[in-house]
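2 protein chains.
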Amino acid sequence: MNLGLRNYEIDSYWEEKLTELANKYEDLSIIYLYGKNMLKLADVEILITSRFSLEDLKNANKLKILIIPFTGINSLPIEELKKKNIILVNTHAHASIVSERAFTLGLSLLGRVVELDNQLRKGFWIGYNQDSNWLSIRGLRCGIVGMGEIGLNLINYLSPFNNKIITLERYKYKLQNSSNIEFLDNISEVCKNSDIIFLSLPLTKETFNIIDKEILFKMQGKYLVNVGRGELIKEEDLYLALKKNILKGAALDVWYQYPQKNEKINFPSKYPFQELSNLLLSPHCSGNEINSKINVINDIVYNLNNYLSGKDLNNIVNFDKEY
Amino acid sequence: MNLGLRNYEIDSYWEEKLTELANKYEDLSIIYLYGKNMLKLADVEILITSRFSLEDLKNANKLKILIIPFTGINSLPIEELKKKNIILVNTHAHASIVSERAFTLGLSLLGRVVELDNQLRKGFWIGYNQDSNWLSIRGLRCGIVGMGEIGLNLINYLSPFNNKIITLERYKYKLQNSSNIEFLDNISEVCKNSDIIFLSLPLTKETFNIIDKEILFKMQGKYLVNVGRGELIKEEDLYLALKKNILKGAALDVWYQYPQKNEKINFPSKYPFQELSNLLLSPHCSGNEINSKINVINDIVYNLNNYLSGKDLNNIVNFDKEY
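Respectively, the protein sequence lines represent chains A and B. Under this note's numbering, the first residue of the first sequence is numbered 4, with each subsequent residue one higher. Under this note's numbering, the first residue of the second sequence is numbered 4, with each subsequent residue one higher.
Since the hints were made in silico from the structure, they are not lab data. Fair warning: this is a prediction, and the values are worked out from it, not measured in the lab. Take these hints with a grain of salt, some might be off.
Same chains, same label: a pair holds when it works inside one copy or across any pair of copies.
Distance condition first, Cα-Cα at most 25 Å in a straight line; then the derived BS3-like pairs of lysine-lysine [said to hold, decoys possible]:
hint: 1; residue 1: K167; residue 2: K27
hint: 2; residue 1: K264; residue 2: K20
hint: 3; residue 1: K67; residue 2: K85
hint: 4; residue 1: K221; residue 2: K267
hint: 5; residue 1: K65; residue 2: K314
hint: 6; residue 1: K314; residue 2: K27
hint: 7; residue 1: K314; residue 2: K175
hint: 8; residue 1: K216; residue 2: K85
hint: 9; residue 1: K195; residue 2: K125
hint: 10; residue 1: K264; residue 2: K177
hint: 11; residue 1: K125; residue 2: K264
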């Protein structure tokens, strides 16, 4: 059986771990796909890669299992993978890191960290006077929409701050043992009743633009942190809610436009979000923590090891649920 | 008995609370010291103020109790207050807020929050590629130097992140019930054995410049957060440790130079700290949280209420210990 690893994933730790696997399982060969080797996509039964196009799919005739080293599947050709009965496997090894990023962005936003640093660098002591100050997260009503590993970790990180956690009724079964949590029927109610919202949903047909002006324009004075996917929130409506100072502030790690090859300067939206002072911008780096790549590799190798020794694969994506 | 409140402290919540006190205690009068009323400093037995000079002391002939609405006493004429047997009272009501600021600055520093925001605003996705990424606080060895309320709160905020806490042997009596804490003999050892140091000592004769190049120049690759007082760390040595990239990064809420009357632009040091990219600058705002002023007022009024009804005053500063 041939296992392929794409050029932009290859590093020494991957090589070390995959060599261990190849030594353990005699019928397993590792193919590093770079340069002319890219042609060998046709020989690969298992592929580990962070990018996979329709063009790739046409070449990957033997592909049975596609493994991505992250969680969100929205950039992949889902329908076509489903038609060809290819098993898609993701990982949740980033979850504690992504929730730490969300937590850090929330605290930085409330703490006006970027603005106050930028001002003091110019010699202006904004925030030194009591009339222009920052907001503690202590005791705030924290809405969490998305109660996978990220949401559960967030509850843990917030635990010393005496917050009321507000989330959706449908996550109740996951939180039987937690206290001080309020369950509401829909996202609109959660946003209405929270001081700060943390958004960590997957992007699916159901969640696309699930937050729009109907919700945003009622969020006067509130804060929003998004580490899910940009398109969970309608682009124009979010821009306007910030521009009009309806939202008091937002922190975004996920965006509407991503870097293009051959472009030096890549703004993250067609709207000028970069000009907003009530916005904290983060370059979709929540999973790029220094040590987290190793956790991801260990998670995938553990999963492969199970599979190759005849056990079930973990983290198989449900194509109908899209996560 | 006359209780004075200085002009720069007066707000409606103070007025409300002091009026309640005056109604409760018949022999208590409140004097709001502003404009010509400043002359009435001579009539005041209890004074609440955040600034108090030698000149003030000369005028305040009847002063018995000086109350400051914060913790650090280093800006006051301590020796002269002691000579005149004036009781100095401070408050620790800010502590949970100051430690939240320290925690937020630490997470922001490790998360490169300011730098990544500033770059993305220009269209540069620094941190989006895995080769330039951020560091989680999870599992780091966290040194805490200063184990008053701020340090104790920090341990609480760090509790979900599975850190080894490292502190001084002399705080052991305060932490009998805590696990996973390592106690070391001196600050040099704490700095040597920690990945990130949180500094929250009071500034006294003993702690002035307690961290200098002897310690800093051995802190290769480490991080430092200071919410105590600037002069705990020797100014030039800190600048050089950052400039030479010995320290991986620092976040400072406390400084060496403060805004001067009539100056529009006030840099926080005689050294150009504002030019350093491995430094997070915060304008001594850790206590200036939106709601914390009310906590401070409540704490001081509670203390005054006790005193006026014949009980002991809390938070009397020990002039010999200087805190």
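Against the structure, the hints come out as follows:
1. For a Cα distance limit of 25 Å, the shortest separation of K167 from K27 qualifies neither inside one copy, at 50 Å, nor across copies, at 36 Å.
2. In the homo-oligomer, the alpha carbons of K264 and K20 never lie at most 25 Å apart, since the shortest distance is 31 Å inside one protomer and 63 Å across protomers.
3. With identical chains, the CA atoms of K67 and K85 are at most 25 Å apart within one copy only, with a shortest distance of 11 Å there and 81 Å across copies.
4. Taking CA atoms no more than 25 Å apart as the test, K221 paired with K267 passes in neither setting, with 37 Å inside one copy and 39 Å between copies.
5. For the identical chains of this complex, K65 and K314 are intra-copy neighbours only, at 21 Å inside a copy versus 84 Å across copies, given an alpha-carbon limit of 25 Å.
6. Proximity of K314 to K27 under the C-alpha cut-off of 25 Å is restricted to the intra-copy arrangement: shortest distance 15 Å within a copy versus 76 Å between copies.
7. Proximity of K314 to K175 under the C-alpha cut-off of 25 Å is found in neither arrangement, the shortest distances being 31 Å within a copy and 49 Å between copies.
8. When the C-alpha separation of K216 and K85 is checked against a cutoff of 25 Å, the pair qualifies neither within a copy, at 34 Å, nor between copies, at 62 Å.
9. In this homomeric assembly, K195 and K125 never come within 25 Å of each other (Cα to Cα): the closest approach is 38 Å inside a single copy and 33 Å across copies.
10. In this homomeric assembly, K264 and K177 never come within 25 Å of each other (Cα to Cα): the closest approach is 42 Å inside a single copy and 57 Å across copies.
11. In this assembly of identical chains, the alpha carbons of K125 and K264 lie at most 25 Å apart only when taken from different copies (17 Å versus 35 Å within one copy).
Checked against the numbered hints given earlier, this structure breaks hints 1, 2, 4, 7, 8, 9, 10; the rest are met.
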